[in-house]
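There are 2 protein chains.
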Amino acid sequence: MSQDSAVNYLDDHYKRFQNELVELLRIPSISHDPAHKADIDKAAHWLADKLHAMGADHVELLPTEGHPVVYGEAIVSPSAPTVLIYGHYDVQSPEPLADWKSQPFEPEIRGENLYARGASDMKGQTLASLNAAEAILKTGNLPLNLKFMLEGEEEIGSAHLNDFLIQHREKLKSDFSLNTDAGGMPDADTPSICYSLRGGAGFTLTIHGPAQDLHSGEYGGVIQNPIHVLSRLIAGLHDEQGRVTLPGFYEKARVIDEEEHAELAALPFDDEFFLKHSGAPALWGEPEFLPAERVGARPTIEVVMFSAGQPKAAIPASASARFLFRLVPDQSADDAHQQFRTYLETHAPPTVTWDLQFRPGGSGIIVDRKSPPTLAMKSALKTAFGREPIFQRVGGGIGAVLMLKGTLGIDSVLTGFSLYDDNFHGPNEKLHLPTWQKGMNALVHFFHELAK
Amino acid sequence: MSQDSAVNYLDDHYKRFQNELVELLRIPSISHDPAHKADIDKAAHWLADKLHAMGADHVELLPTEGHPVVYGEAIVSPSAPTVLIYGHYDVQSPEPLADWKSQPFEPEIRGENLYARGASDMKGQTLASLNAAEAILKTGNLPLNLKFMLEGEEEIGSAHLNDFLIQHREKLKSDFSLNTDAGGMPDADTPSICYSLRGGAGFTLTIHGPAQDLHSGEYGGVIQNPIHVLSRLIAGLHDEQGRVTLPGFYEKARVIDEEEHAELAALPFDDEFFLKHSGAPALWGEPEFLPAERVGARPTIEVVMFSAGQPKAAIPASASARFLFRLVPDQSADDAHQQFRTYLETHAPPTVTWDLQFRPGGSGIIVDRKSPPTLAMKSALKTAFGREPIFQRVGGGIGAVLMLKGTLGIDSVLTGFSLYDDNFHGPNEKLHLPTWQKGMNALVHFFHELAK
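Protein chains in written order, with the working numbering: chain A, 1 to 452; chain B, 1 to 452.
It should be emphasised that the hints constitute simulated quantities derived from the structure, not laboratory data.
Be a bit skeptical, because a hint or two may be false.
Any copy will do: because identical chains look the same in the list, a pair fits if it lies in one copy or spans two.
As the list claims (entries may be wrong) - Only pairs whose alpha carbons sit at most 25 Å apart, straight line, appear in this in silico SDA-like list of lysine to any residue:
no., residue 1, residue 2
1, Lys101, Thr353
2, Lys276, Thr206
3, Lys252, Arg341
For reference, chain A alone in the conformation it holds in the complex (with noise of 0.2 Å):
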């Protein structure tokens, strides 16, 4: 009944979340893999069981045009507030996989982390929430409604859930909705509460020189390299010190006024912190913004992938990249595409023919920092942690949050217990198991100030 009991039953139960977590993590369901299908499927019915176990109800798999979405409930009263716990349990491809130290599905404790792709991003956090409702659910009556809404597309852009919420607008219906997605405290002592997420914008890019691979001997001098007009084409995009130069591109970026700038200045994320977390020689980015404001607040562009030719000695027919564009409120990937287009038709010499292919993804945005819900985490945090949560931006998109808020209207409170060294979607994932367990402690304290 107590708020003791609960975390009680947390401690009582640990050593069985971890060994749930781990059978959770040696399933690679990794989304963008039609190979892994399977896979997806096995760790959605795996999450189903658990809310069985739990004592969730009217547990089922919903299916969309992709993967499928777990959903369940446990209803108390129509009175009492609703809160939609969101997770995800598809992960990004473990590659390059000799970067591992061991195998990224099959789970290894070392000292205080347990490592394995999803860990952190976000299986682990996912089973914190779910860990902390079990707990209430077992222990006492809340006045509180639980919703559960997992999905199985997060990485790869959440593709089919904006239609999945507008199929299912009723059943789930809440008051805001708990997302522990929005990871990444400076350092195990430092809860943190994300206001603020980057949207973003897909392109890529292909570049078509000659009719089909050409020996380099035989005509370079004569045909432009589709990689060296790409090439040009990327180094462009950035000035020396790293900013975009797309005319127009930082125009209706949301400006970062005097007391926001103040309380970015006072978190512990200076260059000092990013170099230690990157293992870069040396930062770089705007110079006239602190890095919290560079990856939270301002706009960037990303190349993430170079594909063109072969080991041999011919100029390739056609080069491309992928690029991911992160953008700020009140941008919008429409302008971004615009922008991008009007760069292209510019700057593109008349050796190579393009294509540019778009996926627009949510536009950034800023959640209200004095709303209950939030008042109520962070004091709930503060329980857990022994400090108040630091308040910050996030660089990274959740596409779920965004989609509540435009189609459902729903608000998120956005936490989440990964380290910023966890290294999610890179070699040596990891989860840092004593934030993970004062985490699930935090959400008990949260459903407890909830139901006050």
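Put chain B on the given structure of chain A with help from the hints.
Just chain B now, kept in the frame of chain A:
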């Protein structure tokens, strides 16, 4: 005994020669791929059998540190001139497979062309030489000694050929070498002799940024992406018109004199020619030089492969590219290496570290156009094709030609019966069969000219 009977022999056996070529082309003897080692050996044995059947003596597979050299000889008299017939039995990999109309190792005749990887470069050329030699050997006792040296590593830079030449110096003693790998007749009516080749230098440049792949949301804005750095470095190697910007790069390149310029200007290798054969929308390159000079007499830099990143939202830890420099007399690969290294030291930003691997290749060469073997070839080509050959500079490099000159002091007569649109190194490589047949005839005439 007569020239006529050897020519008739070619006609009588043409169908068998074509079938034998198809047999050899079915063997995927890709030298750079260890998975094809058995195919390399199969192709070598196939050629040894062919030499035996032709009537050559002392046929053997001579080992190297890499793939074996097929050797044989037909010695008539110590006082007769000796020709070393060069060929290679290895091929480039056929990727991208999707661009082939028929399978690369399932030869298919469409119209007058035979399509297969290696048809033109150079299994077809090698068999043209062997078939012409067979006609000579089977129809009489020409006062001419023949030696055959068929290597299996041309497409990987003839990596072990120089050691082989040193080891077998005595065995290979010859007056000159016949090399039909200097392909590129401008059209089926115009035979050609090549008097100059470009040399080369290969590099692999790797840019290292962060210690591991980083989430592009969490770090985009503070970390310079290794793909961006590599693109910038590639872009900086050329100016807008296509001139290489490396300080000193052109300094030692031998100046084209007025007489040669006039000769090259008279060749059919103009803008229209290269546009037609490349399928590119427009040409580029040093505007102050003719196209034929740009591919034959001027040095160039090409990036043949750029490989970095994954189709996921990450800044990659590294990015790498393979460079191929084509060099002309009197440049040296070591100078080019030093110039490239200085460029990187000057221009690589402090946000990354880099690593440059150097694979030195041969220097460019020019051979004597008035030597007796060259004049014999000129006459033979005129007889077979009914037209004087053009004298051209070829932009590719042939390691064997340089090594034979540098190590054994043997000059080469360079010709070939491939056409400019044969797509060697690209998909849908082909051999124009009527030209191939005329080429064999020309080689019979050549042997008779030499024996006069």
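Which earlier hints turn out false for this structure, listed by number in ascending order? none
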